[in-house]
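Visitor: One-letter residues, chain by chain:
There are 2 protein chains.
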Amino acid sequence: MEKHSKKRDAIYDIICSTKSHPSAEWVYTQVKEIHPDISLGTVYRNIARFKEEGKIITVGVVNGQERIDGDTSDHCHFVCTHCGAVIDAGAPDVTDTYSQVFKDIGCTPERHNLVFYGRCHDCTGKRS
Amino acid sequence: MEKHSKKRDAIYDIICSTKSHPSAEWVYTQVKEIHPDISLGTVYRNIARFKEEGKIITVGVVNGQERIDGDTSDHCHFVCTHCGAVIDAGAPDVTDTYSQVFKDIGCTPERHNLVFYGRCHDCTGKRS
DNA sequence: TCAGTAATAAGAACCGTTACTGATTTACGA
DNA sequence: TCGTAAATCAGTAACGGTTCTTATTACTGA
Chain A
915 MEKHSKKRDA IYDIICSTKS HPSAEWVYTQ VKEIHPDISL GTVYRNIARF
965 KEEGKIITVG VVNGQERIDG DTSDHCHFVC THCGAVIDAG APDVTDTYSQ
1015 VFKDIGCTPE RHNLVFYGRC HDCTGKRS
Chain B
915 MEKHSKKRDA IYDIICSTKS HPSAEWVYTQ VKEIHPDISL GTVYRNIARF
965 KEEGKIITVG VVNGQERIDG DTSDHCHFVC THCGAVIDAG APDVTDTYSQ
1015 VFKDIGCTPE RHNLVFYGRC HDCTGKRS
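Residue numbers (the working numbering), protein chains in the order written: chain A, 915 to 1042; chain B, 915 to 1042.
Check each hint, because a few of them may be wrong.
[Claimed, not checked] DSBU-like, lysine-lysine: derived pairs with alpha carbons at most 30 angstroms apart:
1) Lys965/A <-> Lys921/A
2) Lys1040/A <-> Lys969/B
3) Lys965/B <-> Lys946/B
4) Lys965/B <-> Lys1040/B
5) Lys965/A <-> Lys920/A
6) Lys933/A <-> Lys1017/B
7) Lys1017/A <-> Lys965/A
8) Lys965/A <-> Lys946/B
9) Lys920/B <-> Lys933/B
10) Lys1040/B <-> Lys1040/A
11) Lys969/A <-> Lys965/B
12) Lys946/B <-> Lys1017/A
13) Lys933/B <-> Lys1017/B
14) Lys946/B <-> Lys920/B
15) Lys933/B <-> Lys969/B
16) Lys1040/A <-> Lys920/B
17) Lys1040/B <-> Lys1017/A
No wet-lab data here; the hints were simulated from the structure.
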């Protein structure tokens, strides 16, 4: 019997309504506009729950903060090393390429994460 | 003019002499056997330096700890979600596949990181 | 030897995240 | 619409990996 929670729904809605691949902190500030009494712990707790339920995925850690994605479809990401933006970058099909490799080392891959690093469109050409 | 440092050399040697893709903590305990007065801060500082110099790369964050690799050649990794082991998994050739994607979104990738997750050979079939 | 500079040890500070506790909200049957 | 139990939450303390600070030490060239 899964109980519903307005705050949990709000957290999930905000995660799914953005393509910015947000951090917990960002989600927290956004939910706070709707539920000013929300706690950062609630955001973390529900993000962990969504991950366990497979409703969201983690993109990776950028500048020490974990970034999440409400889009669980098979796709990879581009991380700007200058401004920290995380951008969708299409769907890979690399698993087949590596099937023999994993047979050799006896590993059973369940998922993978392909991340490119570089400068995003806005940061290309910037000085510092 | 790069100055000589026995401890820095020891840190680098240990990183390069293992294929375990260690954490800073692991490197610290290893260097401590040679230099008992080594400081954890020194390990972190020199790891950061090696990264800047391009002498090592970071594999990713496993269980909250950053894992590094002295092998800077083009290859990807397998992370065991059960025991946390990081294993080399051959060389990818995915950049070409994505060249058009990056033209579309205007990003200039410099490097990438492909990580597979699952159970390693030893952990396949284990219960908990 | 000496001055100047880089590297270091020790530990405090930092910061994202997690755990805990008591209060509040939710689902659901009466 | 109530009452009740379980789920959820706010607030906050604690945790742990990493970074920063400061005093000290080691190295280099003169």
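Visitor: Would you mind marking each hint as holding or not holding in the structure?
Guide: These are the hints, each one checked on the structure:
no.: 1; hint: Lys965/A <-> Lys921/A; in the structure: holds, 17 angstroms
no.: 2; hint: Lys1040/A <-> Lys969/B; in the structure: holds, 26 angstroms
no.: 3; hint: Lys965/B <-> Lys946/B; in the structure: holds, 21 angstroms
no.: 4; hint: Lys965/B <-> Lys1040/B; in the structure: violated, 36 angstroms
no.: 5; hint: Lys965/A <-> Lys920/A; in the structure: holds, 18 angstroms
no.: 6; hint: Lys933/A <-> Lys1017/B; in the structure: holds, 19 angstroms
no.: 7; hint: Lys1017/A <-> Lys965/A; in the structure: holds, 28 angstroms
no.: 8; hint: Lys965/A <-> Lys946/B; in the structure: violated, 38 angstroms
no.: 9; hint: Lys920/B <-> Lys933/B; in the structure: holds, 22 angstroms
no.: 10; hint: Lys1040/B <-> Lys1040/A; in the structure: violated, 50 angstroms
no.: 11; hint: Lys969/A <-> Lys965/B; in the structure: violated, 34 angstroms
no.: 12; hint: Lys946/B <-> Lys1017/A; in the structure: violated, 37 angstroms
no.: 13; hint: Lys933/B <-> Lys1017/B; in the structure: violated, 36 angstroms
no.: 14; hint: Lys946/B <-> Lys920/B; in the structure: holds, 13 angstroms
no.: 15; hint: Lys933/B <-> Lys969/B; in the structure: holds, 15 angstroms
no.: 16; hint: Lys1040/A <-> Lys920/B; in the structure: violated, 38 angstroms
no.: 17; hint: Lys1040/B <-> Lys1017/A; in the structure: holds, 18 angstroms
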